[in-house]
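Enquirer: I would like the entire structure built from these sequences, with the hints used as guidance.
The lines below spell out each chain.
Protein chains: 2
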Amino acid sequence: MSIAKARPRVHKHALRTLAQRILTGEVAQGQTLLPESELCETLGIGRSSLREVMKVLVGKGLISSRPRAGTVVLSRDQWNILDPDLLNWSMELPPDPHFVMSLIEARQAIEPASARLAAMRASAADLAPVEAAYASMCINLKEKDFVAFNVADIDFHTALLRASKNVVFVQMSKTIGTALGYAFRMTIARSREPGGSLAMHGEVIAAILARDPALAQEAMTRLLNIAILDLGLSG
Amino acid sequence: MSIAKARPRVHKHALRTLAQRILTGEVAQGQTLLPESELCETLGIGRSSLREVMKVLVGKGLISSRPRAGTVVLSRDQWNILDPDLLNWSMELPPDPHFVMSLIEARQAIEPASARLAAMRASAADLAPVEAAYASMCINLKEKDFVAFNVADIDFHTALLRASKNVVFVQMSKTIGTALGYAFRMTIARSREPGGSLAMHGEVIAAILARDPALAQEAMTRLLNIAILDLGLSG
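From first to last, the protein sequence lines stand for chains A and B. With the working numbering applied, the first sequence has no gaps in its numbers, which climb one by one up to 235 at the end. With the working numbering applied, the second sequence has no gaps in its numbers, which climb one by one up to 235 at the end.
Just so you know, these hints were derived from the structure itself, not from any lab. You may find that some hints are simply not true.
As the list claims (entries may be wrong) - Listed below are the simulated DSS-like cross-link pairs for lysine-lysine, each with C-alpha atoms no more than 30 Å apart in a straight line: (1) K165(B) <-> K165(A); (2) K174(A) <-> K174(B); (3) K144(A) <-> K174(A).
To be verified - Simulated DEER-style distance windows between Cβ atoms: (4) A214(A) <-> G202(B): 27 to 33 Å; (5) H13(B) <-> T221(A): 42 to 48 Å; (6) S37(B) <-> A214(A): 55 to 61 Å; (7) E36(B) <-> N225(A): 51 to 57 Å; (8) A148(A) <-> R47(B): 43 to 49 Å; (9) D212(A) <-> R222(B): 19 to 25 Å; (10) H13(B) <-> K142(A): 57 to 63 Å; (11) R47(A) <-> H13(B): 19 to 25 Å.
We put the beta carbon where it would ideally sit given N, CA and C, even for glycine.
Expert: Structure follows, in structure tokens:
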């Protein structure tokens with residue numbers, strides 16, 4: 001009974017461990033993985049669990065398994081880096097500045113477009129979580145609870161992406177939420193006051209409620225420029 | 001020997017079959033999958049293969065496996081719809097108009113931003129495949145080989161996304177390439193002449209070569225507006 005319960009956790013641990021060895025480059029691109037028997041031993045799992053782990057990593061574009069060639073680490077541009085699991089595992093590793101900058105540029109493209117779409121078609125029910133997140137940001141800033149403020153800030157941005165009703169942007173909201181959590185941890189470490197962009201968040205909501213797509217897009221563009229300066233990540 | 005070779009193919013077939021049953025809603029969101037023994041029989045695979053299939057589908061956000069509850073289909077917003085495998089499997093099914101429209105909106109946000117970044121930092125080597133794709137479009141239009149024209153058109157857009165050197169956009173290039181191939185198949189079915197946007201493709205390249213980020217962004221915006229009209233997908 002207790003073994004049956006423990007098994008999925010062992011699988012997850014082995015999956016993350018092997019994925020992170022690839023993500024860090026400890027096992028380099030183009031390199032062949034160790035033989036099954038050795039991997040089973042180092043990961044502390046059985047052969048059938050190892051095969052399950054391998055299939056999942058194939059499915060995420062990290063490795064490729066061929067009859068004669070063995071299991072090879074694919075090149076970085078074949079990795080599904082937007083896969084929520086891969087992203088979570090990446091975020092536990094030292095930051096890759098190129099990836100961090102890429103995410104910021106992606107936000108600058110996606111979030112203003114998303115604000116525009118939300119102004120065009122979000123219902124009151126879609127906007128309620130955006131407004132709730134903004135209210136929570138206001139309260140937590142006043143109480144100087146910066147951790148709760150940042151949680152509310154992430155909620156604001158991911159709820160707004162969902163309010164776009166665009167399924168691609170909704171999917172990206174997970175990626176952007178994870179990346180934001182990571183960026184905020186870096187900011188808290190430098191203990192800067194995070195309130196510089198609060199008023200702009202209010203302007204984005206006002207433009208959406210006024211059903212002004214162009215203004216909503218523009219307000220979100222300005223908000224992101226401020227937020228990026230706040231994070232000390234520009235340039 | 002022949003069994004060992006056939007096995008990965010059987011696994012892939014079972015994986016796609018089960019994924020597509022979920023994608024079409026044949027097994028609905030929130031519903032529990034059939035017991036292992038029945039699934040093995042209907043999919044024609046053994047128990048260990050089925051478990052590998054299940055882990056891959058867990059990894060792509062389609063299902064969740066819990067000790068007591070069994071294996072449940074997750075809600076659509078938890079599916080990793082940008083996963084290249086899921087996207088390929090979706091494209092074999094009848095089109096979901098909401099998803100098609102979402103992809104177009106995503107292109108309108110991502111591709112102009114990508115053209116802007118390419119104008120800022122793409123090297124001659126990054127731009128060579130974009131120029132080669134454009135040359136191929138010109139030749140194939142003249143020869144009225146519309147299938148080859150469309151392949152070159154997809155190459156143009158995906159090479160340009162790669163030339164942005166933004167790893168998020170590079171990742172999205174696979175999604176956008178697949179979606180474009182799908183859209184073109186619909187266009188070919190209507191046998192429309194696809195050359196309406198050719199000159200604009202040239203203008204995008206000219207702006208990038210002139211290192212004019214704002215003009216490159218604007219040209220790509222106009223190109224997409226024309227291309228979407230060409231596809232008969234607007235409105």
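Enquirer: Does each hint fit the structure? Answer for all of them.
Expert: Evaluated hints:
no. : hint                            : result
1   : K165(B) <-> K165(A)             : holds (28 Å)
2   : K174(A) <-> K174(B)             : holds (19 Å)
3   : K144(A) <-> K174(A)             : holds (27 Å)
4   : A214(A) <-> G202(B): 27 to 33 Å : holds (29 Å)
5   : H13(B) <-> T221(A): 42 to 48 Å  : holds (47 Å)
6   : S37(B) <-> A214(A): 55 to 61 Å  : holds (58 Å)
7   : E36(B) <-> N225(A): 51 to 57 Å  : holds (53 Å)
8   : A148(A) <-> R47(B): 43 to 49 Å  : holds (47 Å)
9   : D212(A) <-> R222(B): 19 to 25 Å : holds (23 Å)
10  : H13(B) <-> K142(A): 57 to 63 Å  : holds (58 Å)
11  : R47(A) <-> H13(B): 19 to 25 Å   : holds (23 Å)
Consistency note: the structure conflicts with none of the earlier hints.
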